[in-house]
Each structure stands twice: as structure tokens, then as C-alpha cells.
Amino acid sequence: MKGIFKVLRSEAVKLRHSKLSSLLFISPLLSLSVGIMYNANSDMPWLEMYSMMALSHAILFLPLMTGIIGALMCRYEHANGGWKQTLALPISRTNLYVGKFLIICFMTFTMQLLFFLAVVAAGMFKGFASPMPIKEIATFVISGWIATLPLAALQLFFSTMWASFAAALTITVIFTLPNLLIIQSGDYGPYYPWAQPGLAMLPMSDSSMNTLGLNISLETLLFVIGGSFLVFFVTGLLYFQRKDVA
Amino acid sequence: MNMSDFIVQTKQLTKTYKGKIAVDQVNLQIQKGQIYGFLGSNGAGKTTTIRMLLGLIQPTDGEVHIFGKNLKKDKLSILRKIGSLVEYPSYYGHLNAIENLETIRRIIDVPKSRIDEVLAIVQLTADAKRPVKGYSLGMKQRLGIAAALLGSPELLVLDEPTNGLDPSGILEIRELIKSLPQQYGITVLVSSHLLSEVEQMATNVGIIQHGRMLFQDSIETLVQQAKQHIMLSVSEPERAVATLNAAGIRTNLESEGLLHCSYVPDTKIASAVHLLVHDGHDIYRITEKRESLEDIFLAMTREGGF
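If you read the sequences in order, they're chains A and B.
The opening residue of the first sequence carries number 114 in the working numbering; numbering runs sequentially from there.
The opening residue of the second sequence carries number 5 in the working numbering; numbering runs sequentially from there.
The following block holds chain A by itself, in its conformation from the complex (with noise of 0.2 angstroms):
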């Protein structure tokens, strides 16, 4: 445990004067304009409003964001040999893996944040009569980021792997993209861990497959996001612990 509260210090001071955290604003701010742009007209404005906003933020640039924070993770250590040097300090490459993945989730908490801001903001622009469904929002809010934690394992993975930021990038844009159409699908959807945080984040029909307060069925969460993630992660953990360091 102190192991890892030491990478994450450590990995703090990597973070400064790095681009990486203007990243975050940019599907918060995209959705802001959506929801100033959208005009609801149901007796659920908030949620329409949301639902909208939603949309390209959890089917597209959140496990789009996820991977390319993931992906430019390792980047300064890849860049200039800082492999060789970390791997050379008395901390162990478990707890410097874990530590990496939780600035991964931390980054994507963030951006959940900043796009929770984004719809209070666009509702308060609106002025919508009733007042805002804080729980429900919150609720699809943090399903999506739960969802995202598989998607952030595989990355993590194939950061440590290859030095090559394009390569990273390359898996998730091509995972992300068809999206677009499995989301849709009653067959695929359900399985696909890159739908999950757009399945996790839009409003679902049957409020009764929620567990634990989540927009997200027991099942799904169990054996398609905790199933990937594990599956994910402790491969990725498992090749890191064994990489030669050339």
C-alpha cells in the first residue's frame, strides 16, 4: 500500500507541464454545447437534455479518452529510456502497475466529473422549471466511469507493451469505432466491453436490472465488466512483471 501511495507521488510529478490533463475538457466542453444547442420539449427536460449529451460523450470519447489517456501513460517512460531507470528503483513493478492504473482511473473520474459539471451547467443555462434528477445523473455518471475500468486495463497493457504511442492509440480507435453499430445490437451489445460505459451511461428502459445503485445489471457487471477487467488486467500485470527491460 505504501508502495503505491510512492508511485503515485512519484507519477504526480511526471503529470506537470504535461498536456495530458487539458485532454479531459474536451468531450465536457463538446457536451456542453450539445446541451445549450438541444431543446427539450418532453415533461423530463433534464433528462432528455442529459440523454443527448450523453450520447457522443459514452459511446464514443469516453472509451475513446480512456484509451488514449492509457496509451500516453507509459509515453514518458518509453520516450527516453525512464524504463530502465524506474525498474531500477527499490519499488515493485506490481505496486508501480497498480499505481498507473489508478492515475488511469483517476483521469477518467475527472472527466465523468467535468461532464457532470457540463450538464448542471447546460441545465442552469436552459432554466428548466423542475429541478434536476441529481441521483439518476450522478448514478449513469459513475456506471459509465465503472465501465470505462476494463477498457483502461487492456490499455495499460498494451502501453507497457509497445513504445509506440500510434500502436496504442491504433487498438483503441479501431475497438472504439464500431461502437457505433454493436451498441445497438441486443446480441453484441451486452458482451462488448467497449459498450459497456455507453450502455452504463444512457438511461435504460427496465430500472429494475439496476445492482447497487448502478445503471448497470448484476450480470453485465459481474461477467462482462468484472469478468474483462480481470481478464485485462491480470494479464497485462502478469507480462509486465516478466518484461525484459532492453
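Honestly, the hints are just simulated from the structure, not real lab data.
Nothing here was measured: the structure is a model prediction, and the numbers come from that model.
Glycine residues also receive a C-beta, built at the ideal position from the N, C-alpha and C atoms.
One or more of the hints may lead you astray.
Which residues of chain B face chain A? A partial, calculated answer using Cβ under 10 angstroms [what the hints assert, rightly or not]:
1. R55
2. K85
3. Y92
4. E106
5. I287
6. I290
Cross-link-like lysine-lysine pairs, in silico, DSS-like; alpha carbons within 27 angstroms at most [unchecked claim]:
7. B/K116 <-> A/K356
8. B/K73 <-> A/K119
9. A/K119 <-> B/K133
10. B/K36 <-> A/K115
11. A/K119 <-> B/K85
12. A/K115 <-> B/K73
13. A/K132 <-> B/K133
14. A/K356 <-> B/K79
15. A/K356 <-> B/K182
16. A/K119 <-> B/K79
17. B/K182 <-> B/K36
18. B/K116 <-> B/K137
19. B/K85 <-> B/K36
20. A/K132 <-> B/K137
21. B/K76 <-> B/K24
22. B/K15 <-> B/K36
23. B/K22 <-> A/K356
24. A/K356 <-> B/K85
25. A/K115 <-> B/K116
26. B/K22 <-> B/K116
27. A/K356 <-> B/K77
28. B/K73 <-> A/K356
Go by the hints and put chain B onto chain A.
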């Protein structure tokens, strides 16, 4: 010698890459306070050996013991007492020197003041607040050494630390390395492909070629292997050779009528000269030729070659 007397000891350390042997049963032995020069041409297996000492790559076979402990079992506690700079310096270009060292300091837990200390040692204090991507190679190299010194290590591992430096930079680094054992009690392992460099700073030397250790001992022992030759230039070389050989002084006739005797003590040379003068030869010149370390090194690596 007891195993614990060695700071570094490898036993039959071996690394193969896809069936190709990079390091072949190397038994490296370094004692406290030594500056151990690890010498070999590029691709001889120096860097691969060093990476195994730091746990960066896994040995295919053999063991590494550092500070008397097995690297496999006590990796982190061993690494805590090692500072390293492997091949070219590692750095985060977007950060300045202080921030670069801070990323390491937060992992090894040393006081903040230590950053200023090591920057002063490598003379980077004036440039400490500039992004490192704007540094010259020499400055990056010095930053790498500062990073290696940050944790006040007992063992410093420097792989080709003067690579790419200009002559004054090389001199600076060399003086710095030489001062470390006396000033801070640090044991140093420094690799190089340049004999002259190892000769100028090391107390001990290991020579590696094609992954095999060819020689490992003190610099003095290496120098003692340098053979001494006496060359004589005389008026009648052929008769002189016969005379000397008859008197039991082994002599060869070289090109241009020069007489060549190897390994001769002063008294024998004296009697040889006496004999020749007595025999009516004119002696034009007597010269001594000593093999340089370079000659020994070349002879050794040739013998060890394939």
C-alpha cells in the same frame, strides 16, 4: 574468500536470447571500495550483464548476489542501496532537473535537500530549473549520475558513463568517479569499451568478450602481464645471435638485423653486452620495448575470439 566479502558476486550468470548466448557463465566479483572497470567491445555482453545485476532482465541461468544477498529473493532491499545509470541517460524531457530527481526521490524517500546536494556534485545547480530536453548530452549524463547518487548508494553501477561526452566532460566524470570510493565509501562498477578509460580510473578490471569473462583481477596484475623486450642493434647480427644463444641467452634475429630477447633480467643483459663487446661486435643501440595494456588486451581478445 568468504561470499559476504564481495559486494557483487555472480555465479555462472548466463543469458541467452532465442538460443544465442549473450552472457556466458560469468563469475563477476567485486569487493568493497573497488572501482571495477568492466571492459569489452560493444556487444560483448557488458550491458546485458549489468541489466541482470539490476533486475531489469531475468538471467537464463546462474545467480546474482549483491551485498551478500540473493537478488532474486531480496531485490528491493538490494536495489535500495544501488544507484545506476544504464547506457544512455534516462530523463523526462518536459521536466526540469529538480523535478526529474523529485520523481525518484518520492520513491526512495530521501530528504529534499539531497536533490540540491547531488546537483551540486555534478555541477548542474545553475541549470537545474530548465527543462531537461534542452540539455546537452553531457548535461543529461551528469543528471543521470546525479539520479544514481540521489539515494546515497553503497554501490554505483555506471554503464558507459562517458559515452558521447566531450574530452573535458570525460575528465570531469572520471575525476568524480575516482573520488567516490574515498569520499563516500561507494563501490563502483563502471563499464567501458575503452581500455584507456578503465586504465585511468579502475582499481580492478574484468574483460568480457563474446559473453565470456576473459580476465578478472587488479589493474596491477594486468600490467604485470605486459612483457618486456630488449632489442639490440649490432654490427654482425647473425654471428651475435649464435654467440648469445650459445651462452644461454635466448635470442631471435628479427627483420633489419635486430636482435630480440624477451624476459631478460638486468644481469643477463649486462653479461650479453659484455660477451658481444668481448667478441668484437660494435653495439649501435639497445632499446627496451614494453607491451602496452592495449597490446595485452588485443592479444587477449584475439585469443578469446572465434
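Evaluated hints:
no. : hint              : in the structure
1   : R55               : holds (7 angstroms)
2   : K85               : holds (8 angstroms)
3   : Y92               : holds (6 angstroms)
4   : E106              : holds (5 angstroms)
5   : I287              : violated (61 angstroms)
6   : I290              : violated (55 angstroms)
7   : B/K116 <-> A/K356 : violated (32 angstroms)
8   : B/K73 <-> A/K119  : holds (25 angstroms)
9   : A/K119 <-> B/K133 : holds (23 angstroms)
10  : B/K36 <-> A/K115  : violated (32 angstroms)
11  : A/K119 <-> B/K85  : holds (18 angstroms)
12  : A/K115 <-> B/K73  : holds (24 angstroms)
13  : A/K132 <-> B/K133 : holds (19 angstroms)
14  : A/K356 <-> B/K79  : holds (16 angstroms)
15  : A/K356 <-> B/K182 : violated (34 angstroms)
16  : A/K119 <-> B/K79  : holds (18 angstroms)
17  : B/K182 <-> B/K36  : holds (14 angstroms)
18  : B/K116 <-> B/K137 : holds (23 angstroms)
19  : B/K85 <-> B/K36   : holds (13 angstroms)
20  : A/K132 <-> B/K137 : holds (16 angstroms)
21  : B/K76 <-> B/K24   : holds (23 angstroms)
22  : B/K15 <-> B/K36   : holds (18 angstroms)
23  : B/K22 <-> A/K356  : holds (15 angstroms)
24  : A/K356 <-> B/K85  : holds (23 angstroms)
25  : A/K115 <-> B/K116 : holds (19 angstroms)
26  : B/K22 <-> B/K116  : violated (44 angstroms)
27  : A/K356 <-> B/K77  : holds (18 angstroms)
28  : B/K73 <-> A/K356  : holds (23 angstroms)
Of the hints listed earlier, those the structure fails to meet are numbers 5, 6, 7, 10, 15 and 26, in rising order.
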